[in-house]
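Visitor: Protein sequence lines, in the order shown, are assigned to chains U and Y.
This note's numbering applies: residue 1 is where the first sequence begins, and numbers increase by one.
This note's numbering applies: residue 1 is where the second sequence begins, and numbers increase by one.
Hints were generated in silico from the structure; no laboratory data involved.
Ideal placement from N, C-alpha and C gives every residue a C-beta, glycine not left out.
Heads up, a few of these hints could be off.
Partial list, derived from the structure: chain U residues whose beta carbon lies under 8 Å from chain Y [what the hints assert, rightly or not]:
| id | residue |
| --- | --- |
| 1 | Tyr231 |
| 2 | Thr319 |
| 3 | Tyr320 |
| 4 | Gly331 |
| 5 | Val335 |
| 6 | Tyr352 |
| 7 | Thr353 |
| 8 | Ala357 |
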Amino acid sequence: MSRAKAPYIAPAERAAPDLDSGKYLVMWQGPNHPGITGNMSLRLVIEGDSVVDCETHVGYLHRGFEKLMERRLWMQNFPLVCRIAVPEPDFNEYCYAAALEELAGIEVPDKAVWLRTLSLEMIRLASFLMWIGGQAGAFGHGTIAQWSVTMRDYVLDLFEELTGGRIYHMYIIPGGVRGDVPAGFLRRVLETMDTVRKNLDDIELVMFHNVVYKMRAQGLGYIPPDWVDQYGITGPNARAAGLPRDLRKDLGYLAYPRLSFEPIVGTVSDAFERSRLRLLEMYQSIDLIRQIVDMLPARGAFRAKLPNPLHWKIPAGETYVAAECTRGEYGFYVVSDGGDKPRRVAVRGPSYTHGVALMERLARGVNIADVAGLMVSLHTYPPEIER
Amino acid sequence: MKELITSLANRYGVRDWKDLKAGQAACFVDSGRLRDCLRWLRDEAGYAHLSFATAIDQLERGVFTLTYALRNHERGHSLLVHSEIDRTRPVVDSIHRLWAQAWTYQREMKEWYGIDFPGSPRVDEEFVLEGWQGPPMMRRDFDSLAYSDATYAERPGRASSDPAEHMKRELYPEEQA
Numbered sequence: 001m002s003r004a005k006a007p008y009i010a011p012a013e014r015a016a017p018d019l020d021s022g023k024y025l026v027m028w029q030g031p032n033h034p035g036i037t038g039n040m041s042l043r044l045v046i047e048g049d050s051v052v053d054c055e056t057h058v059g060y061l062h063r064g065f066e067k068l069m070e071r072r073l074w075m076q077n078f079p080l081v082c083r084i085a086v087p088e089p090d091f092n093e094y095c096y097a098a099a100l101e102e103l104a105g106i107e108v109p110d111k112a113v114w115l116r117t118l119s120l121e122m123i124r125l126a127s128f129l130m131w132i133g134g135q136a137g138a139f140g141h142g143t144i145a146q147w148s149v150t151m152r153d154y155v156l157d158l159f160e161e162l163t164g165g166r167i168y169h170m171y172i173i174p175g176g177v178r179g180d181v182p183a184g185f186l187r188r189v190l191e192t193m194d195t196v197r198k199n200l201d202d203i204e205l206v207m208f209h210n211v212v213y214k215m216r217a218q219g220l221g222y223i224p225p226d227w228v229d230q231y232g233i234t235g236p237n238a239r240a241a242g243l244p245r246d247l248r249k250d251l252g253y254l255a256y257p258r259l260s261f262e263p264i265v266g267t268v269s270d271a272f273e274r275s276r277l278r279l280l281e282m283y284q285s286i287d288l289i290r291q292i293v294d295m296l297p298a299r300g301a302f303r304a305k306l307p308n309p310l311h312w313k314i315p316a317g318e319t320y321v322a323a324e325c326t327r328g329e330y331g332f333y334v335v336s337d338g339g340d341k342p343r344r345v346a347v348r349g350p351s352y353t354h355g356v357a358l359m360e361r362l363a364r365g366v367n368i369a370d371v372a373g374l375m376v377s378l379h380t381y382p383p384e385i386e387r
Numbered sequence: 001m002k003e004l005i006t007s008l009a010n011r012y013g014v015r016d017w018k019d020l021k022a023g024q025a026a027c028f029v030d031s032g033r034l035r036d037c038l039r040w041l042r043d044e045a046g047y048a049h050l051s052f053a054t055a056i057d058q059l060e061r062g063v064f065t066l067t068y069a070l071r072n073h074e075r076g077h078s079l080l081v082h083s084e085i086d087r088t089r090p091v092v093d094s095i096h097r098l099w100a101q102a103w104t105y106q107r108e109m110k111e112w113y114g115i116d117f118p119g120s121p122r123v124d125e126e127f128v129l130e131g132w133q134g135p136p137m138m139r140r141d142f143d144s145l146a147y148s149d150a151t152y153a154e155r156p157g158r159a160s161s162d163p164a165e166h167m168k169r170e171l172y173p174e175e176q177a
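Turn these sequences into a full structure, and let the hints steer you where they fit.
Guide: In structure tokens form, the structure reads like this:
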């Protein structure tokens, strides 16, 4: 029987293997294994070629962002926050900026709202393109990684033109965005979207109709729907299990309520379904970017006036601002005591639950050759676990 | 929402309800009733999703404020449940049986703030600070700069000088003489 029809469900309780029995092998995967999406490690206990136990080890990227933020002025934290999630930095900028604006009562001009939405959708697409290369690569399809990284670079070219930076953009700032779109930029956005879309069609044919990919990804890392709330699963990992949860719809932030789209849901959340769903979300992002380009106001302010950032005190209060990044719920919990520095900033990255508690559970019983593919199918970025 | 506020107040003594914005509120509960309150919110009130759990060091008042962010997807509402514990005896009930990922947050709070959650799996294991010898680093009285100065030596060749003095020396050496 195909494992797609009877997916393996890992037991809730951890096994306690006797490591002195000679039956088991302890193997570290990472921190520099190509199958690990970043600098984290998995400590695997192997019996034969199956994983009996898995522990996620993080800390290789800990830079104490949350501690540093408590010692810096509100505005000084801006170059810092984007570095928390390297391939998708704009969500940090947006969540932090929106939290400050809520606490300080700052209205953002409509054009800035649209430009923020454009920036977030573009980075969602870029992040998905990076992910799909890793997912295909984990199952031996290196060519797809070369295509998709090229497409990501085209999107990064757009970011470079818009913001001056390819990886870290620091474009979304409190009160709005740092600049308007350059002349001819929107035309180039549409041209790039056409190019990416054609490439996605090729990826779909080569990857999703490939029998090797199907056989290795189907049934791997099955997430039953009742785990979604238990493990705090969000984003495509939850939607693939059939739950239509998408914060762009549910919270209706930025310009999303004015755009036409519906959450894409799957039926069986295994590695294959999650990757298929992410491919569909890439098409959806391209469609949303086209809608945004059509509706972007031609004129208007792109930034509200701010107080002197060196003497900016934010009224006491707290707020939690969340947004839908490629991996799920990304949020900033910001607490002010009325001073010129934050009292507390806590970052909620979706990888925190997906990469630690969920990964440890799902890895049990998996063949060691599939661990990397499973890991990538959860789409985790370790920096946001460690902050 | 009124019904929920009344139920929480009557059952668990929840107080200081505050609507932070549309779709988000915050409230306080005593730490001794925290776990039961969270269980009721999860099972009876639809707040089944735990977004995150964290702590805030209120050094001046001698307490830690614990924050549990819950979301009710059907109602489209988020609730920040706060509870305060004594900073000198930072122990609170574990919620690892309510949410399967909660032990990770608790392990982090143990390492970063020194807050204990008896019974929580692997709560004493290192999380991100492997080999850390100092005090819990997220406490407000831990001075990371002083720790760094005391722990790590200056790297040779990284001397800095006052720019104005440096330029004077470079451009007008005769004046120095």
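Visitor: Identify every previously stated hint that the structure contradicts and give their numbers, smallest first.
Guide: Hint check: nothing fails, all pass.
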